[in-house]
Every structure is written in C-alpha cells, then in structure tokens.
Amino acid sequence: MFGRLVYESFRRQKRRKLLAGVAITLGVAVATAMIAVATDIGDKISRELRSYGANLIVTPQEDTLDVQIGGVDLKPPSDGAYLSEADLPKIRGTFWHHNIVGFAPMLPVGVRVSDGADAKNLTLLGTYFSKKLSFGKEDFVTGVRITHPWWRVQGAWPDDNSPDVLLGESLAAKLGRKAGDEIEIAGQQHRIAGILSTGGAEDDQIVAPLALAQEILGKPGAVRRLYVSALTKPEDALSRRDPKTMNPEMFDRWYCSPYVASIAYQLQEAIPHSHAEQIRQIAQNEGTVLSRIKGLMLLVTLAALFASALAVSAAMATAIFERRTEVGLMKALGAGNISVAALFFAEALLLALMGGVVGFAGGALLARQIGRSIFDSQITIEPVLFPIILAIAVIVTFAGSAMAIRRAVKFDPVYALRGEA
Amino acid sequence: MSSHRNSDVANRRADKPHTSMFLRMLMRAAVLRRGRAASALLAMVVAAAVATTMLNLYVDVQAKLRKEFRNYGANIVVVARDGQALPADALDKVESAVAGHGLAVPFAYVVARTADGQSVVVSGTDLDQVRKLDSWWSVTAWPNASQDALVGVRAAAVVSPQGKPFDLSFQEHTIHLNPAGTLRTGASEDSHIYLSLKDFESWTGVQPSTIEIASSGSSEEVSALIQRLSQALPAAEVRPIRQIMEGEARVLGKTRATLAAAAALIIATAALCVLSTLIGWVFDRRRDFAIMKALGASERLISGFFAAEAAALGAVGAILGFGIGVGVAAWIGRVNFHAPVVPRFNILPIVFAGSIAVALISAVLPIFLLRRVQPAMILRGE
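From first to last, the protein sequence lines are chains A and B.
In this note's numbering, each residue's number is its place in the first sequence (first place is 1) plus 906.
In this note's numbering, each residue's number is its place in the second sequence (first place is 1) plus 977.
Misleading hints may appear alongside valid ones.
[Said to hold, decoys possible] Straight-line distance between alpha carbons at most 20 Å, and here's what the computed SDA-like set of lysine to any residue pairs gives:
1) A:K1080 x B:E1214
2) A:K1080 x B:F1314
3) A:K1200 x B:F1314
To be clear, the hints were calculated from the coordinates, so they are not data collected in a lab.
Work out the full structure: start from the sequences and follow the hints.
Set out below in structure tokens:
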C-alpha cells in the first residue's frame, strides 16, 4: 500500500514532482560544478602563475659576485664558474620532475658587432628557445618560450641548432635592422631571425642559441645561470624550517612535498657543483595570490551551496504545502502522523536521489565546460565526490521538507477538507 | 432601499476609481496568505542577496586582487638613456604623475671596489620606500643610521663574511660602511650593496639613473601613466615591465572569468528558484483568479493585479536582499582579503530591475496559461 501510494503520487502529480525535481537537480548541478571548480582552481591558477616566469635559479656554487646593473652584465666573461650543459637533462630525473614546467640556461657573452664603419661592444645571450632534449627514454622540449612566456618575437624564433639570432627591439632600432637582415657578430655573418621584445634588459641585447654563445666564448658546454619554472605548494610551517634541523621522518615529508625550497634542494642534488635558490619576487608572491584566489572560490562555493540548499528547501516546502487536502483525506481515513510523514520523506528521498544523480552528471558537464573555456584544460571530478553530493542532496531535501511536513501533519483534517487552509 | 445603496456604491466607485480596492486586495492577499507570501518573499530575498553578493564580488575582486599583485613590485621602470643620470627633477615629475596611486623609488648604481680589489655593485636608494615596493625582500635588519648598509647575501660573503664594518672605494673616494643587515632575494640583488641615497650621493656624487614605479591601476591606467611619463621625461626611457604586467593580466583575467561563470550559475539557480516558487504561488490562487473573473473583472485588471503584487514582492525582496548581499560580500572580503568589499550601489538598479523582471515573468506566465480556462471549471475544482 505504501509503495503504491508513493508510485501513484509520482504518476499523478507529474507537474509538481517535476518542479521540485528540477529545483533539486539544478541545486545539485551548481553545487557539483562549484565544488569541482573550487577544488581544482589551485592547480589551474598555479599553472597560470607560471606566466610570471621562472621561480628558481641555479648558479654555479663557486661563482664570483654578479656585477649586473639593470640586467646588464658588467662581469668579465672569463670570470666565475660555469654549470655544465650536459647535466641539465638530469633535472627530469628529480623526484618532482612532473612539477617542473620548464627550464632555460643562460650564457651572456660580450661580443663586438660591426655596424657599418664602427664597431660596438654588446652582450649576446645564449639560451634555449624550445630545445628538444632527452633524459633516459623520455623526450621533452624546454627553453625560454616556456619559462619566459612574455617574450615576444616579430619574425620567427630561431632554431636551436641554427646560427640565427634574435635582436632586442631597442638594439634593432639603434642599428636599423629588421627580421631577415644579416648582422656581423664577432667576425661572422648571422641571419636575424626575428626582433625580440621583452620589456627588460634583453631589448638591448642579442639573443642566440646556446651553442653559438659557447662557440664565441670558446667554452663548449658552459652555462652561467639556469632558470627553472616549477609548480610549487604555498609555504607553510614545515617549509619555513631549516632542513638541517629536521628529524629523518620530517625531512622525508619535507623532501616529498613540492615546496619551492625542497625543489631547490633536489635541483642542487641533480646538478653537480650548483647552488639553487628561489627567486623570491616570484616564489613568495605566488603563495599569497594563490591562497587569496582559492579562499575566494571556497567562499563563493559555500555561498553557492547555501543558495542551492535554500532553493531545494523552498521547492520542497511548496510541493508539500500544496498537498494539504491530501493529508487531510489520509488523516480522515485514519492514517497516523508517522505514516503521513513517512510517505513524504520517502517521496523526498526518491526525488533527492533522482535529482542528485542527474544533477551530478549535469554539474560534471558544467565543470568541464568551465575548465575548457577558461583554462583550456580539463577539470577533473573526483569520483569520491559522487556519494558526498548524493548525501548532501538527501540531507538538504530532508531538512527543507521537515518544517513543511511538520506543518502538514499537524493540520486539522476538517479544515483541510473544507478547503479553509 | 437596496437600489439606493447600490447607487451609493456606484457613486463612491465613480469618485474613487478602483485604487483603494486594488490596494486593499493587494494588502489582504499578503496578510491572509501569510505563509505562502512569506515563502515567496524569502525566495526573492535569498535570490537578490546571492545576486548582490556575486555581482559585488565580481566588480570588486579586481581591485582587491590588484592590491595583492602589487606585492610583485614595480610594473613600470624609468631609465636614463645610455647610462646617464636622470634630470634632477625627474622624481618629482614622476611622483606628481603617479599622484598617490602607487610608489616611485629612485635607484642610483655604481660599480665600487672592495679593499681587496673586487668589483661590487653599490646602489643608493630610498630604503623606506624599497621596503614597501619590494615586499619579498628577505632582510635580517633594515638600516636606519647613516653609514649603515644593507648587504646582499652573496656580496656579504665577499665584503664582510663576519659582519664586520668594511671599506668601499669609488673613483678615489672611500666610504666606511657598517653592515646593518643582509638581504636575500634569489636574484641579482643578492650581489648588491644598498645605501641610503644621502650617503650614496655624498660619497659618489652620482645621481639616480632608474626610477621603479609600482602603479596600482588597471592596465589602461598604467598605459596612460606610461604615456604621461614619456611626455614629462623626454630624456628618459619609460617602459612597462612586461613580465609583471602580462602575468597579472593573465591571472586576473582567468580569476574574473571563473568568478563570472560562478556568478552566472548561482544567479541562474536563484532566479529559477524564485520563478518556480512564485509560479506555484500564483497557480495556487487560481480560485481567486476565477472568482475575480466570475465577478466581471477584465483580463487586464486581473493581470495588472497579479503583476502589481509580484512587482511589489520583487521590489521588497530586492531591497532586503541587497542589504544582506552587501553584508555577505563585505564578510567575504574581510575573511579572504582582510579588507571589506566596498558596497557598490551601482549594482542596486541591476538587482532591483532583475528581481522585478523575474517576479513579473513568474506572475504573468500562469495567468497567461489560465486565460483560456472557464472560471466555472476552476471554481468547481476541476
């Protein structure tokens, strides 16, 4: 009899059930989408924050002081120590290699460039543009196009294995050269593949493939600095501690967390005779920006959950309130308060489950759409979210119905049947 | 007798056309069906509050986040051409152009020699301003006395490994400095030594060659500032620091887009919730509708009545909801950004119009559906 009552109620009152069901479905869909976006936003934003460029720098351990003003190197190139280019692919062998978005070696060299009759002393910066490397069986591409995404080239990026160069835009204006022209650097003709604009010191420099800079310097395999762009976890109490004072267990935990300091430590291990340090301007601010955005999305998600809960409650209350004559009839025929309440709760449970399943699927699609259109990548939905969402849907539907059911049950059947409600 | 009374009513009606009756019906509808009216109003208030919160956050988040992004430091740099010094009034000109919307810090550089002949870059600057501009600098102690220097960690290893006072010379002039603290940034600053501009100028006689500016404006405002600065300082090169500006624009854009998507979803849910509640409410009163029609009310009057009722509900809901929403947005601002989100009164008309529009749609839709139905059918309970 109970089952038939529930079944008939769904069969005969399609419109009302549909309204309540739509409210639950929408509420669940929005909640699912918002939870999925909020849990994934940290990942997505920290990838976007990589557009600020490298957050780690690796220098030779025994390096002399940098003599650099406004990005212009004044140190004699013969000075100081170098890293070995052959060691660089080892970065892919570190524990957190999946978090390393890219790296770019730098080798500044002083060169003489003849400009018609007179010659000029300029800086030539050797680097990777987007160099194919391999470590073990793995092939990968890295260079300034990944680590310095704000660099713009008019013309074409030179090939890493070619002798072509890029000319900084201020320098190009001074020399009156454009992409495709030839330039004589250190006694040899080179083609200018493109004009580079960075908004920094490189605008007054020549940027060339690393091999060319090494050849001019006469030191094959030499690298002065290495910029590394890595996805990191914001600092917390553990990351601020000195790893030397940690006990082994704590050290393992520190080593296996992608803090900027532990990645620096691993880079130092991977590259012999090196010193890795976080670039504080980038690394420190990343954490605050990230936590602000995550916090914002969390609070917005809470607001969304609250709004969907109220929407569901309002819909349920309306649906039950409309059926007070029915309640009156049932009670007049001798139904007890408990059986009337049980009927409503059973209906609410069914509605919540159906709305929950459809809403979860809809929310997953919505989250994917948001991920694709805003971040150009997938927003993954943890399967563990499904039972949680379903449980929330049932709880919210029950809570929303409870007040209305209590009122409906307490109603005097005589008034209800006379239509005086 | 009765005809007399009827003519009385007719006269009164002629004097005061339906207004008082109309208002009375509106009021009684709200008072008699308190429960239903309250639940409809609650839905309205919640929807308006949620919409206000989201719109307020969306409008204000840019300003809030931009403040966080200014921790990345300067976004414009003014450099003298070809290694000369900037004109003496350059800083004043820059400061008047920035006009309080940001920081401007001068830097002067020379390459000095240590006692054992090593080259080291020494910079003179306004240390108090640098502290605000470059908040990521990790400094053990900021210098505050004359002849105190802030020494980069790598420079410190060379000039004063034990933290003892040291001498630097530049073009035959020597200065005796006290290392007040060390500086760690992970960038070229680690190899520099920083002095106050006063000490620096009296020692070297070199004027600032660089001014770093952190302008706290939108990208259009920053571009306008760059333009103004280029005009004011023709002898210098003014350029944006693209690394900082593009990174900021990207992250800000993505965050706003996500927030906009969230706002659209949430507002749509809230509006649909209001729609379903109000439609249920009006549909429930089809008896009222039938009685009015049976007593000879015109379709326009009935639609007008329900529309007025819905509009009143929408207006009250919007105003209450706006108040609550502003409160929630302020709370979110305080919790997350440690600064309240400023109430934006220019979104009030949007929320107001939106609420009334949703309310009107949900009132007129059921009337439109019921129009064809004979009042007798409804009254008979069919």
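Here is what the structure says about each hint:
Taking the CA atoms of A:K1080 and B:E1214, the gap is about 14 Å. The hint holds against a cut of 20 Å. Straight-line distance between C-alpha atoms of A:K1080 and B:F1314 comes to about 46 Å, which puts the hinted pair past the 20 Å bound. Our distance criterion of 20 Å between C-alpha atoms is met by A:K1200 and B:F1314, whose separation comes to about 11 Å.
In summary, the one numbered hint that this structure violates is 2.
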